[in-house]
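Protein chains: 2
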Amino acid sequence: MISLDKVFSYIDSAFEAHLEETRAFIRQPSISADGTGIQEMAALVASRVCELGGEAEVIPTAGHPVVYGHVDVGAPSTLLVYGMYDVQPVLGESWRVPPFSGEIVDLDGFGPCMVSRGIMNSKGPLAGFFNAMQSLRETAGTLPANLKFVVEGEEELGSRNLPSFVRAHKTLLEADGCFFPFYSQDLTGKVVMYLGVKGLVFMELVARGGSWGGPTTRDVHGMNAVWFHSPAWSLTQALSTMLSQDQKHILIEELDDMVAPPSAEDMALLERLASSFDETTQMKDYEVERFKYNLRGVDLLRQFLYRPSLNINGLVSGHHEEGMKTVLPHEARAKIDVRLVPDMKPEEVVRQVRRHLDRRGFEHIELRVQSGYPWSKSSVSDAANAPMLKTYQELGYEPEIWPLVSGAAPFYLFTQELNMPIAMGGLGHGGRQHSPNEYATVEGMRQFEKSAAAYVVHFANHFAQRGAS
Amino acid sequence: MISLDKVFSYIDSAFEAHLEETRAFIRQPSISADGTGIQEMAALVASRVCELGGEAEVIPTAGHPVVYGHVDVGAPSTLLVYGMYDVQPVLGESWRVPPFSGEIVDLDGFGPCMVSRGIMNSKGPLAGFFNAMQSLRETAGTLPANLKFVVEGEEELGSRNLPSFVRAHKTLLEADGCFFPFYSQDLTGKVVMYLGVKGLVFMELVARGGSWGGPTTRDVHGMNAVWFHSPAWSLTQALSTMLSQDQKHILIEELDDMVAPPSAEDMALLERLASSFDETTQMKDYEVERFKYNLRGVDLLRQFLYRPSLNINGLVSGHHEEGMKTVLPHEARAKIDVRLVPDMKPEEVVRQVRRHLDRRGFEHIELRVQSGYPWSKSSVSDAANAPMLKTYQELGYEPEIWPLVSGAAPFYLFTQELNMPIAMGGLGHGGRQHSPNEYATVEGMRQFEKSAAAYVVHFANHFAQRGAS
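These protein sequences, in sequence, are chains Y and S.
Under the numbering used here, think of the first position of the first sequence as 1, with each following residue one higher.
Under the numbering used here, think of the first position of the second sequence as 470, with each following residue one higher.
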């Protein structure tokens with residue numbers, strides 16, 4: 001039986017050295033967008049698997065490689081750790097410390113924080129997890145569960161090669177549950193636990209001149225708008241048929257037919273969630289002055305979590321820089337996405353968007369699917385999440401549980417392709433992901449390591465107990 | 470009486486030297502967008518006025534200066550020459566010769582051409598006009614008419630300071646007619662004569678988050694599209710209410726009430742124009758496969774010339790570069806323009822666009838007017854255009870006369886503010902304005918000089934005859 005107290009004391013005593021280990025991850029840039037430092041970072045992750053007594057391999061994909069690792073201690077259960085070693089670019093951003101320095105800065109209201117790209121999302125938690133496992137080995141001589149690692153280098157590019165990797169390596173990835181290390185405390189210290197994520201279909205609509213009309217190869221003089229068709233108008237018109245003017249209703253009606261109502265368990269969790277959910281904080285965080293809907297509490301949450309969204313991520317056409325230039329553009333593009341809730345299927349969504357366009361006279365608008373994956377849901381009582389909840393409670397936190405979040409992630413790969421539950425979590429607080437001055441509190445980084453160690457112990461116990469019963 | 474034959478012979482004998490004079494204009498870059506060479510170019514234009522025995526002044530404006538010149542030979546009539554000394558940028562373009570070299574290249578089908586930025590639009594014709602006037606002086610000892618020059622440095626920026634300059638210098642600019650030097654022959658050698666231009670209102674529609682909804686200060690995570698409003702959707706919806714889906718009808722209905730039908734003179738010119746107008750060439754030139762309207766000949770021309778257009782010049786919002794990024798944009802912009810035909814008034818158009826948005830629930834969309842000026846029309850029999858027609862006919866060309874063109878230019882400054890007719894023209898052929906490898910044929914440049922000299926002689930005779938009658 002592993003004594004968590006001993007592990008926690010060890011983490012406290014070794015924490016300065018652990019910070020240096022985390023800094024080693026941070027100081028190695030690993031920008032998937034342009035490939036900077038990708039190979040070096042993959043090697044660094046692999047080396048930490050080996051330091052736990054395991055074996056690691058940097059496996060090529062069509063894009064950046066996946067680090068696969070296996071630490072087989074002969075335990076009855078195996079935990080698959082999912083992570084990413086890539087980070088967002090920093091180009092053009094203004095930081096108060098160099099973005100790959102791992103410097104510690106006293107941030108107003110947070111105390112000492114490590115400020116660097118990737119410290120929150122998500123090399124900080126990944127390094128902390130390795131530190132926690134090393135602490136378990138030091139104090140108990142072994143690990144309570146076997147570990148497998150699948151650490152990708154393209155999460156910030158939409159995990160584009162992860163699906164084929166997972167499908168090609170199902171046996172290699174066999175495990176009893178999956179864990180994604182993540183700082184889960186908000187600004188106030190509250191622990192937030194997410195059981196599911198939405199799916200996503202990311203598409204580009206491209207309107208171009210052709211046999212339907214409009215200039216086919218180049219932008220032409222704007223005076224011609226009076227007698228030639230315009231792809232920019234066509235795209236605008238097509239988009240406007242997809243959402244009601246009050247922006248409350250998606251007008252691709254077939255999408256609604258796929259939406260399932262929340263389960264009884266979900267509704268119960270939603271009711272509980274509503275008691276701690278604060279609309280005003282949400283508006284303040286995002287600097288908006290009102291919601292689309294005149295709803296509050298559980299009704300607003302249900303709208304947020306159990307309804308699909310249709311979003312315009314970006315628009316571009318013609319002359320859009322400063323100043324005047326009159327052109328009739330030959331092309332107009334919109335990047336749109338639909339977020340999927342149970343039981344929506346990506347292929348079916350794409351089919352219905354196409355059908356919607358065709359029926360309304362927009363056959364000439366090209367629909368390019370850039371990414372598509374389904375939603376994923378786990379349960380608070382499953383083998384991945386029950387140990388997580390126990391960990392939080394034991395450390396004195398009653399988490400706020402979200403049965404689903406509006407964010408999208410390809411967790412279906414674990415829940416649907418590999419048939420295992422997935423938990424994401426750990427103590428700790430960070431912020432400004434994808435922005436300058438991304439940070440994590442130093443104290444949170446310490447607490448994260450303790451929670452990660454406790455989690456793996458409880459995960460192993462979950463199976464030991466089940467085996468004994 | 471000036472012998473045009475002598476003048477023409479002189480032009481032929483001096484043409485190599487004239488090409489060098491034109492090259493001097495071309496080799497001095499004068500990019501209004503970033504200010505490159507503007508002062509030097511203005512000085513160069515002023516020096517050519519002085520070489521004609523006149524006086525010139527580089528007059529500052531809120532932007533780039535205007536070159537004002539006056540050659541007073543004590544003649545009974547005065548011609549005001551309007552021109553521009555600025556050119557479009559060449560940044561990022563790929564040219565077959567350096568863009569400010571003035572090099573002569575044998576272009577397929579055209580023979581020797583000067584290939585350089587500004588040779589067509591419009592330093593070539595301006596330099597040619599100076600060469601022509603110098604030839605008149607050399608052969609006749611004087612000029613047949615007094616000349617005034619107003620040469621601006623911001624035409625490529627929308628002539629933004631020309632209106633206030635003209636209004637502030639009405640007495641200085643007094644003249645009997647205005648002339649804009651321009652190569653008027655098309656690919657086939659046909660001379661095209663334009664009597665009028667459309668007006669223009671260039672506007673930017675800016676949708677931003679605010680009290681109506683949506684993120685107010687920054688793009689936020691795309692998952693929030695399910696419960697926050699989107700400025701990108703709002704802009705799209707607003708635009709789509711302005712034009713029918715078939716793009717044939719502007720739905721800002723009040724605009725129609727301002728449109729006057731073509732006059733009887735215009736209809737007669739249209740009928741004649743239709744006989745030489747070729748729809749197929751138009752489609753080929755612009756690389757489009759069809760018109761918006763199933764019309765031909767005079768009906769299509771009437772649509773082209775006597776209907777206003779509502780164009781989207783550019784759209785931009787959120788993440789529009791390569792790759793995936795899910796954001797709910799806090800801002801979306803559209804650059805739109807309305808081209809004005811008789812009797813539309815810019816202020817009234819702006820008012821109706823605003824009214825249209827407000828009535829349909831888009832009060833929150835900001836309308837920024839970037840430029841606005843009315844249409845302008847002259848007559849084929851007026852003091853500026855009758856000498857132009859006579860010049861062409863005498864040189865053996867029967868021009869194709871357009872009572873109006875779809876292009877916009879602030880000629881109202883001359884016709885409406887200064888109360889004088891304006892003619893644009895001259896022989897010569899060039900192309901690729903605003904594009905790489907802008908060119909003019911060398912033979913056309915020679916013919917331009919002859920036609921410009923003949924024009925000024927006929928302009929002076931027009932008044933001499935009138936005075937004598």
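Please keep in mind that the hints were generated in silico from the structure rather than gathered at the bench.
None of the values given here were measured: they were computed from a predicted structure.
Even for Gly, the Cβ is constructed at its ideal location relative to N, Cα and C.
Hints may contain errors.
[Unchecked claim] Below, a list of computed lysine-lysine pairs in the DSS-like style, where the Cα atoms sit at most 27 Å apart:
| no. | chain 1 | residue 1 | chain 2 | residue 2 |
| --- | --- | --- | --- | --- |
| 1 | Y | 284 | S | 475 |
| 2 | S | 475 | Y | 325 |
| 3 | Y | 377 | S | 794 |
| 4 | S | 761 | Y | 325 |
| 5 | Y | 325 | S | 846 |
| 6 | S | 717 | Y | 325 |
[To be verified] Looking from chain Y toward chain S, a few residues come up when the C-beta cut is under 8 Å (computed):
| no. | residue |
| --- | --- |
| 7 | 15 |
| 8 | 157 |
| 9 | 210 |
| 10 | 233 |
| 11 | 247 |
| 12 | 276 |
| 13 | 304 |
| 14 | 312 |
| 15 | 314 |
| 16 | 326 |
| 17 | 407 |
To see whether the hints hold, each was checked on the structure:
| no. | hint | verdict |
| --- | --- | --- |
| 1 | Y/284 to S/475 | violated, 81 Å |
| 2 | S/475 to Y/325 | violated, 44 Å |
| 3 | Y/377 to S/794 | holds, 23 Å |
| 4 | S/761 to Y/325 | holds, 23 Å |
| 5 | Y/325 to S/846 | holds, 23 Å |
| 6 | S/717 to Y/325 | holds, 23 Å |
| 7 | 15 | violated, 32 Å |
| 8 | 157 | holds, 7 Å |
| 9 | 210 | holds, 7 Å |
| 10 | 233 | holds, 5 Å |
| 11 | 247 | holds, 5 Å |
| 12 | 276 | violated, 18 Å |
| 13 | 304 | holds, 5 Å |
| 14 | 312 | holds, 4 Å |
| 15 | 314 | holds, 4 Å |
| 16 | 326 | holds, 5 Å |
| 17 | 407 | holds, 5 Å |
Of the hints listed earlier, those the structure fails to meet are numbers 1, 2, 7, 12, in rising order.
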